[in-house]
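*Asks:* As a plain string of letters, each chain reads:
There are 4 protein chains.
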Amino acid sequence: MGSFKGHALPGTFFYVTGIWWTLKAVLKYACKRHKRTSYLGSKALFHRVDIVEGIILVCMALTGMLGEQFITGGPYLSLYDYKKGQWVQLLGWHHTTMYFFFGLVGVADILCSTISSIPASLSKLTLSNALLVEAFIFYNHTHGREILDIFVHQLLVLVIIVTGLLAFLEFLIRHNVILELLRISFILLQGSWFWQIGFVLYPPSGGPAWDLTDHENIMFLTICLCWHYAFSFIIIGIIYAFVIWLTSGPHLLRGWATSKINAVIQGASLPHVGSFPESKEDYCLFLFQKPSDT
Amino acid sequence: MGSFKGHALPGTFFYVTGIWWTLKAVLKYACKRHKRTSYLGSKALFHRVDIVEGIILVCMALTGMLGEQFITGGPYLSLYDYKKGQWVQLLGWHHTTMYFFFGLVGVADILCSTISSIPASLSKLTLSNALLVEAFIFYNHTHGREILDIFVHQLLVLVIIVTGLLAFLEFLIRHNVILELLRISFILLQGSWFWQIGFVLYPPSGGPAWDLTDHENIMFLTICLCWHYAFSFIIIGIIYAFVIWLTSGPHLLRGWATSKINAVIQGASLPHVGSFPESKEDYCLFLFQKPSDT
Amino acid sequence: MGSFKGHALPGTFFYVTGIWWTLKAVLKYACKRHKRTSYLGSKALFHRVDIVEGIILVCMALTGMLGEQFITGGPYLSLYDYKKGQWVQLLGWHHTTMYFFFGLVGVADILCSTISSIPASLSKLTLSNALLVEAFIFYNHTHGREILDIFVHQLLVLVIIVTGLLAFLEFLIRHNVILELLRISFILLQGSWFWQIGFVLYPPSGGPAWDLTDHENIMFLTICLCWHYAFSFIIIGIIYAFVIWLTSGPHLLRGWATSKINAVIQGASLPHVGSFPESKEDYCLFLFQKPSDT
Amino acid sequence: MGSFKGHALPGTFFYVTGIWWTLKAVLKYACKRHKRTSYLGSKALFHRVDIVEGIILVCMALTGMLGEQFITGGPYLSLYDYKKGQWVQLLGWHHTTMYFFFGLVGVADILCSTISSIPASLSKLTLSNALLVEAFIFYNHTHGREILDIFVHQLLVLVIIVTGLLAFLEFLIRHNVILELLRISFILLQGSWFWQIGFVLYPPSGGPAWDLTDHENIMFLTICLCWHYAFSFIIIGIIYAFVIWLTSGPHLLRGWATSKINAVIQGASLPHVGSFPESKEDYCLFLFQKPSDT
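Chains as they are written, first to last, in the numbering used here: chain A, 85 to 378; chain B, 85 to 378; chain C, 85 to 378; chain D, 85 to 378.
Only chain A is shown next, with the shape it has when bound in the complex (with noise of 0.2 Å):
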């Protein structure tokens, strides 16, 4: 991975996963809220993308471990050279490990979505794991680097492990729909953050690299940080935005105007004391206890 395209794919895998787990995930949440009645039909159809999801990451995985071990100048399946008594591209193991944990994450979406004696949680379960196993590796990788070096991968292994907590914090608390934005939008930090890396260590322009052992180059990654993750926030916003306008017509402030037309309707046939509270709780319930019932 010592290269630019060597960090920009991983980075894209991650941004393009990310964005559509996005997708999936205020897609379910606006079916959850909107339709009811033909939210079994729903329910149906994301188990179905679930295991082609699960298919899409194994293949992935495959690829990346086949890749990482059979490029020019990598390990071709041997781990140790007896002749010269040493290890052979240990760094190439490392990431092919990764890929197989990520692998496994695809093996339990597939699992989850066809075998019904298998708690759906395992899912989250294996997700939070590879991130922790990634962190992991990606903490003991950079041993005898120059410290800006050492310093963006260290923000990495942040965001990561970051990440792998919330994963376990959804495996425990289950269908809130922010929780799962949350992660999310620190897998687009991550993906971003891998580009970010690409720029910092090997120019694409060809130019020389960063100063590396400078310390505003530091202060300056600090708040860059920052920014992707504004930047994550923002187009997780704006997916969100577009998702439910397209999913609930004209009008945003739908769930408001159902309770007014329930009262209208309500109004003319009963008495209004008696009608308004009760959709007007209805509107409350909507409003305060969106996380709990999703």
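Source of the hints: derived by calculation from the structure; they are not laboratory data.
Take the hints with a grain of salt, since some may be wrong.
Just so you know, same-sequence chains aren't split out, so a pair can sit in one copy or run between any two.
[Unchecked claim] Calculated cross-link-like contacts (lysine-lysine; reagent style DSBU-like; alpha-carbon spacing at most 30 Å):
(1) K127 <-> K108
(2) K167 <-> K108
(3) K127 <-> K168
(4) K89 <-> K127
(5) K108 <-> K89
(6) K112 <-> K127
(7) K167 <-> K116
(8) K116 <-> K127
(9) K167 <-> K127
(10) K112 <-> K89
Let chain A serve as the given structure and place chains B, C and D on it in line with the hints.
*Replies:* Frame of chain A, contents of chains B, C and D only:
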């Protein structure tokens, strides 16, 4: 921010915000406890207050960002000086980034209160985010300074991280008034600690700064932080007592009194054995399950 | 506190408090399990006990604060000596601050038990606060001492932080008797560890202190802490067994016995198949859902 | 323990325990899912198994403690050699202390299963305790050794701490089969990692030990731990599949099949529209709320 005013300003901002949030939280709690029938009316009021609060927050964040950029000697929106080959005023950009994330809190406040399809917990999450981003930036802020300078900023980072984690906990466990007040007490602590940092590093009397290498000063500032914390506890206690006294009329022990009166009233028409446990139970509910039903 | 007595005193205080809390927690638990009908009466009793406990705590904290200030060589309430230009007896002020926060626990105990508008969980929160403040102060307490001196204080800080976090967990998850006893076991551990520190640093036999630079001593004190911990477990176990035996009469296996008797009684009038699952289920409920309904 | 056998023995112990716990957890889960009517009978069986398990644990801990004390060159219960003025065999005492806390787990298992007044969660708590005490002792165990020796023990401490925290989480959130299996996977990892330490530090082939100062070896052991972890995952997966296949007869997709059959049966006597949603809902409940109702 390298001046007394630069520390007094955010300190005052956090202190005023903290006092305002205490008032709001205690009022909300008191409204829920006493006026169960007219509660829906006050909920609409609180919504309007949230919108105004969000607008004020956005304005303050914008002012802060523009101020940091366009004060004399500020970066004037330029990030990198290509002539000199160095970054321009990175500390100013650090502060701008922090203000931006607090501005996002305001935006989330407005969105949560106006659009019904957005879960209300988003507001807590952005607050937690803004605080943790602030802590992250402050952590990488004090390179190459004196030991005491680093120590007071480390304490600040500790306070901010705890506040951020408490806000995240509030995002998960909602409607717990004690947890909310705890988080606010740390906001107050942060406010007064900014003042303390100002006094330590840039004494407004014009006298010399504290001896930045003396370990005794570190020993004192350790307990000084605790005193600031105790002070913020007392402030919140006074506001709590005042608001509860204001909303409950002359009797602070209203819950007990009400149940007593109920028992007397019911005791007049019903046999004592049947009525007493019921009112007693109501009393116990007030006393023991308050946090769960607020 | 730089003497054997200065460590034995807080040690004894924490040990006595711990044993008292164990008694109270187990009694409360036993009352809830056995006397469901007369439970309300015992609840009023526990309230009065809480008030007395709070008053005792406040008195002890006041005594401690005054003692630290006005012993021979104490700071006598003066903080800064302007003539010499240095702080006065900062270690004494450290201890005063710790006592103050434990006094706040007493105040919260009294307020929670007398004023019904204050949530009962405030008491747990102030305890957690007092412990974490104590840990924070101890952490910045041992600058420039020998390695063994620092190590025993580090272990103390570790114990106090764990206790504080457990108290905070209790604030969130209430009415879990095992969690409460776990927190108390750490209070006991803190008490006996204070004694251990006294023995290590200021041997009461008048002999020379331990070799403060010997690494073997660190190895021993590591397991010594574990033995203290095991001892506090055994103390709590004995109290638990004693109280349960006292409140349940001659049979410890009362739950099982009762269900057996019920089955026999019901079996006399009803067909066996119908009655057995019911009494069995009751038994299972006792055994499996105890912590959730206590 | 300074030999290959000294590491292989606890490794085997943890591995066997882990496999046994996996079998028990999956069997319990399968029993709960399929045989709801005959479940109470199997519950009594599991109780008896717990008692036997507790007795075995106590015996193993006693054997371990006596073995550590009375092997040739062991401390023979003497702690301090007053003649030489030094501690006797502290590492042996370390191991004795660890075994003691695992013995407590056995005692708690027996007590929880026989005495109904003790909450069942005590068993999980003592397990968490034993693991965290083990981690604490191992953390202070490897003073003054080579870098690779320290590294493999640090990884061991990391694994044990995570296991302890997961056991504590299980104490709070009970009856979550995935969480239980996750904790067991770390027990298995600990077991196989003990074997790995034995191979690295005391090669059984009699050849020279690994180069303890080579950084490449650290890089390899990092991913080696991940492979061990993946292996423990696969072991658990195989056991899970085997037990579920054993308890559910020829069809793995029993839940789906049952609901299908139900729908067909009900569809014969009732109108399709009314019966389908009911069976469908039952199916969804199986798939989505399993962890909460297990």
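*Asks:* If a hint holds in the structure, say so; if it doesn't, say that too.
*Replies:* Do the hints match the structure? See the list:
no.	hint	result
1	K127 <-> K108	within (12 Å within a copy, 33 Å between copies)
2	K167 <-> K108	neither (52 Å within a copy, 47 Å between copies)
3	K127 <-> K168	neither (57 Å within a copy, 59 Å between copies)
4	K89 <-> K127	neither (38 Å within a copy, 54 Å between copies)
5	K108 <-> K89	within (28 Å within a copy, 48 Å between copies)
6	K112 <-> K127	both (8 Å within a copy, 29 Å between copies)
7	K167 <-> K116	neither (62 Å within a copy, 56 Å between copies)
8	K116 <-> K127	both (9 Å within a copy, 26 Å between copies)
9	K167 <-> K127	neither (57 Å within a copy, 59 Å between copies)
10	K112 <-> K89	neither (34 Å within a copy, 49 Å between copies)
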